[in-house]
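Protein chains in written order, with my numbering: chain A, 17 to 128; chain B, 938 to 1048.
Hints are computed from structural coordinates only; laboratory data are not their basis. Any given hint could be a false lead.
The calculated lysine-lysine pairs, modelled on DSS-like cross-linking and capped at a C-alpha distance of 27 angstroms, are [stated by the list, open to error]:
1) B/Lys942 with A/Lys73
2) A/Lys25 with B/Lys1005
3) A/Lys73 with B/Lys1040
4) B/Lys942 with B/Lys994
5) B/Lys979 with A/Lys86
6) B/Lys1005 with B/Lys979
7) B/Lys952 with A/Lys25
The structure displayed is predicted, hence computed values, not measured ones.
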Amino acid sequence: NAGVTQTPKFRVLKTGQSMTLLCAQDMNHEYMYWYRQDPGMGLRLIHYSVGEGTTAKGEVPDGYNVSRLKKQNFLLGLESAAPSQTSVYFCASSFRFGVPQHFGDGTRLSIL
Amino acid sequence: QQQVKQSPQSLIVQKGGISIINCAYENTAFDYFPWYQQFPGKGPALLIAIRPDVSEKKEGRFTISFNKSAKQFSLHIMDSQPGDSATYFCASHAGNTPLVFGKGTRLSVIA
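Generate the whole structure from the sequences, applying the supplied hints.
This is the structure:
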């Protein structure tokens, strides 16, 4: 039972490049979330999903897109990366809406 | 608008001492108050949570105290150990809205 798995763990991008962060959970959780964590800012919700095929905006959605084509996977995309998107990104999942129970170990993304 | 205010930002406690982290909220619709623990290089982990119908919840060395009238809640870590050194986040949840996190407290327990 792996819980929540994020790939990749580290990535360096150049400004303007695109990439997709992958999140997979094996607990059959209905709800999934993407957060970013920056020093002194805590955890801020980017997007979330209440089920397969559904997504919604969180607190800081600009510059990101998401997709949930399968219940177990939640993808976060950066279409044109900017230095302000340098951060640690966490995926989480839960049975109860709004309260993440399990987090992945994060993707550390640097944009030059 | 910050809906959950957490203090202090950082805390240093002697081994065996009591660590206390405080949070205050504004939205009276909040009805669930979890705490998360995060070690360096790892994702946060749900540690303990409380509902407003009780004033205290204890799990091992970790206790949440809740004051509904003051709209405040706190995490107490008794007999603090170096292994408790981590960042702690309080949070608040209401109905069908996403969780609101505090900005975190970095705890260092020194021997």
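Here is what the structure says about each hint:
no.: 1; hint: B/Lys942 with A/Lys73; verdict: 23 angstroms, holds
no.: 2; hint: A/Lys25 with B/Lys1005; verdict: 41 angstroms, violated
no.: 3; hint: A/Lys73 with B/Lys1040; verdict: 20 angstroms, holds
no.: 4; hint: B/Lys942 with B/Lys994; verdict: 21 angstroms, holds
no.: 5; hint: B/Lys979 with A/Lys86; verdict: 25 angstroms, holds
no.: 6; hint: B/Lys1005 with B/Lys979; verdict: 32 angstroms, violated
no.: 7; hint: B/Lys952 with A/Lys25; verdict: 33 angstroms, violated
Violated hints, in rising order: 2, 6 and 7; the structure is consistent with all others.
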